[in-house]
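Visitor: Residues per chain are reported as follows:
Number of protein chains: 2
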Amino acid sequence: MKYYLAIDLGGTNVRVAVVSPQGDVVEEIKRPSRASEGPTIVLDNIIDMAQSLKLLSDCLAIGMGLPGPVDTKKGCITLSTNLNGFTGFPVAAYLKERLNLPVYMDNDANVAGLAEAVFGAGKGNDVVYYLTHSTGIGGALVVNGKVVSGRKGYAGEIGNIIIDRDRASYAHINNLKVGAVENEASGSAMVRKAKQELDDSIVSAGEIFKLAEEGNDKAQHLLDEMTLDMGMLLQAIAHVCDPDIFVMGGGVTKSKDKYWPQMIAHYSDLVHDDMRDTPFVQAELAEPGIIGAAALCMAMEKGN
Amino acid sequence: MKYYLAIDLGGTNVRVAVVSPQGDVVEEIKRPSRASEGPTIVLDNIIDMAQSLKLLSDCLAIGMGLPGPVDTKKGCITLSTNLNGFTGFPVAAYLKERLNLPVYMDNDANVAGLAEAVFGAGKGNDVVYYLTHSTGIGGALVVNGKVVSGRKGYAGEIGNIIIDRDRASYAHINNLKVGAVENEASGSAMVRKAKQELDDSIVSAGEIFKLAEEGNDKAQHLLDEMTLDMGMLLQAIAHVCDPDIFVMGGGVTKSKDKYWPQMIAHYSDLVHDDMRDTPFVQAELAEPGIIGAAALCMAMEKGN
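Line by line, the protein sequences give chains A and B. Residue 28 is where the first sequence starts when you use the numbering used here, and the numbers rise one by one after that. Residue 28 is where the second sequence starts when you use the numbering used here, and the numbers rise one by one after that.
Incorrect hints may appear among the rest.
For identical chains, the list gives no copy identity; a pair is met inside one copy or between any two copies.
Said to hold, decoys possible - Taking lysine-lysine and the DSSO-like style, the derived pairs with C-alpha atoms no more than 27 Å apart in a straight line are:
id: 1; residue 1: Lys100; residue 2: Lys123
id: 2; residue 1: Lys101; residue 2: Lys329
id: 3; residue 1: Lys100; residue 2: Lys329
id: 4; residue 1: Lys29; residue 2: Lys123
id: 5; residue 1: Lys283; residue 2: Lys222
id: 6; residue 1: Lys222; residue 2: Lys285
id: 7; residue 1: Lys29; residue 2: Lys329
Just so you know, the hints here were simulated from the structure itself, not pulled from any lab data.
Working from the sequences, and respecting the hints, build out all of it.
Guide: Structural data, given as structure tokens:
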């Protein structure tokens with residue numbers, strides 16, 4: 028039996044697993060990622076985890092998901108914010124030398140999107156657009172089972188797409204552009220706006236959905252604005268790649284029933300008539316990071 | 028020797044050619060397309076042209092470019108405006124039955140983009156974004172030598188991307204949305220604005236570039252607005268697919284020296300720092316429609 032070694036490296040924890048070609052996790056270890064201790068400590072920890080797996084010798088390749096834009100050709104993180112010292116560090120080369128297997132890596136949103144496209148809610152579709160609507164907003168374009176990562180791994184950095192150039196600047200908070208959708212329609216943007224306009228004690232998007240449901244006009248106004256901003260984002264994406272399906276995950280989508288109908292109505296208003304019936308479905312995998320890391324290997328073995 | 032039969036069907040003329048795997052046109056015929064006479068007349072004319080080519084029997088497959096969004100799976104035009112009666116007509120099946128060869132078709136912008144990506148200015152790059160800046164604005168996403176057409180062929184219909192939702196409606200002119208970039212920054216949009224704001228006798232974008240160069244403030248203002256609108260479009264595209272290169276063609280790009288520097292400066296202002304050096308180059312092929320139609324066959328033979 029041939030397996031893949033899948034690594035899901037986050038800012039808090041790292042998981043290393045053996046995954047079958049069918050996408051089943053057959054062996055798995057989880058440890059703290061030790062993100063602040065620098066790349067050699069973090070990677071030696073991962074290598075130690077891998078070497079403790081019984082099926083390591085049956086693995087054909089290593090797939091890995093990491094936070095931040097990833098240069099998939101060079102095998103490094105282009106700009107690391109959650110993993111200390113990782114910007115430009117040759118992660119793929121380091122693992123390849125010590126574990127003697129080919130290494131394929133991409134950023135965590137792309138990896139999760141690939142998992143959903145190949146094994147999850149997008150299965151069976153040629154062009155899948157995966158979108159995370161969470162604290163931030165990210166995405167992944169998957170075409171025929173392969174992620175489109177782009178020149179320096181910035182494909183899918185859709186949180187920076189400008190949906191209205193006449194908004195306030197949040198340059199003091201992050202490096203996104205004025206009117207970038209993540210600063211206007213993400214979970215954290217909704218909470219920021221609700222604190223200002225509704226109640227300083229609000230800490231989650233869920234509270235805003237609840238207030239709107241109870242008839243609070245200001246909360247409803249926030250939802251109206253957010254769903255239109257999301258519609259603008261979705262229409263831009265759709266005119267670039269006309270996906271067979273949009274798969275959406277992330278914390279905010281737990282309240283999908285409370286905003287998707289309005290968001291999809293805005294999307295439909297803003298696209299060509301034939302595009303109105305593009306399906307929107309919720310992400311469905313419990314461990315997209317691990318499954319997707321394995322799917323990276325499978326995609327690369329298919330070649331171009 | 029193995030060849031491809033390439034068909035470039037436009038509203039005025041149709042060209043049918045035999046193309047080598049290296050992209051060389053070895054035999055070619057051109058005739059009026061008879062676009063108003065309905066699909067069977069138009070296609071029988073094409074079949075007659077094909078059968079008069081000496082090398083037809085050496086052709087492995089048929090590639091075809093047509094105007095309008097194309098459903099590449101069904102092999103038909105989704106919405107035909109230039110070819111009478113073609114909406115939904117089974118073009119691929121019709122040609123396949125009579126010429127007994129597999130048929131691959133896509134819309135003309137996608138086909139031209141593929142040609143530039145494989146044989147032209149984008150050659151050697153994994154992810155190429157091709158954009159036509161002309162009377163209208165269209166595009167094509169080419170990944171590893173294959174066009175991403177999408178669910179119903181609307182990938183690349185970027186003229187409908189909204190770059191500013193606070194613009195005037197042109198619902199009486201076309202079916203694009205309010206603030207769609209084609210209604211704000213295309214050659215025809217520039218002329219429309221110049222007629223209103225400058226001089227009713229203006230008929231081409233070239234005149235506006237000339238007036239701006241001569242120091243006309245209103246003409247310069249139009250260019251400032253157009254280049255920012257184009258920058259907004261380019262930033263949306265780049266955050267979706269992070270192309271290795273933007274290839275731009277179309278009539279307006281004949282004046283590239285007069286607006287690209289400003290357009291690229293706006294693009295650079297609106298993207299993540301690492302994306303600022305994305306290269307922009309001009310399209311270079313004389314016959315992208317024919318070469319691209321052949322390239323469709325080559326792409327499909329590579330499989331998924």
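Visitor: Next, verify each hint and record whether it holds.
Guide: Structure-based check of each hint:
1. Lys100 x Lys123: The answer is within: 14 Å in one copy meets 27 Å, while 40 Å across copies does not.
2. Lys101 x Lys329: Classified as both: same-chain Cα gap 20 Å, cross-chain 25 Å, threshold 27 Å.
3. Lys100 x Lys329: Both ways: Lys100 and Lys329 sit 17 Å apart in one copy and 22 Å across, limit 27 Å.
4. Lys29 x Lys123: within (18 Å within a copy, 41 Å between copies)
5. Lys283 x Lys222: within (22 Å within a copy, 47 Å between copies)
6. Lys222 x Lys285: within (20 Å within a copy, 47 Å between copies)
7. Lys29 x Lys329: Both. Shortest intra-copy (15 Å) and inter-copy (26 Å) distances satisfy the 27 Å Cα cut-off.
When held up to the earlier numbered hints, the structure conflicts with none and fits them all.
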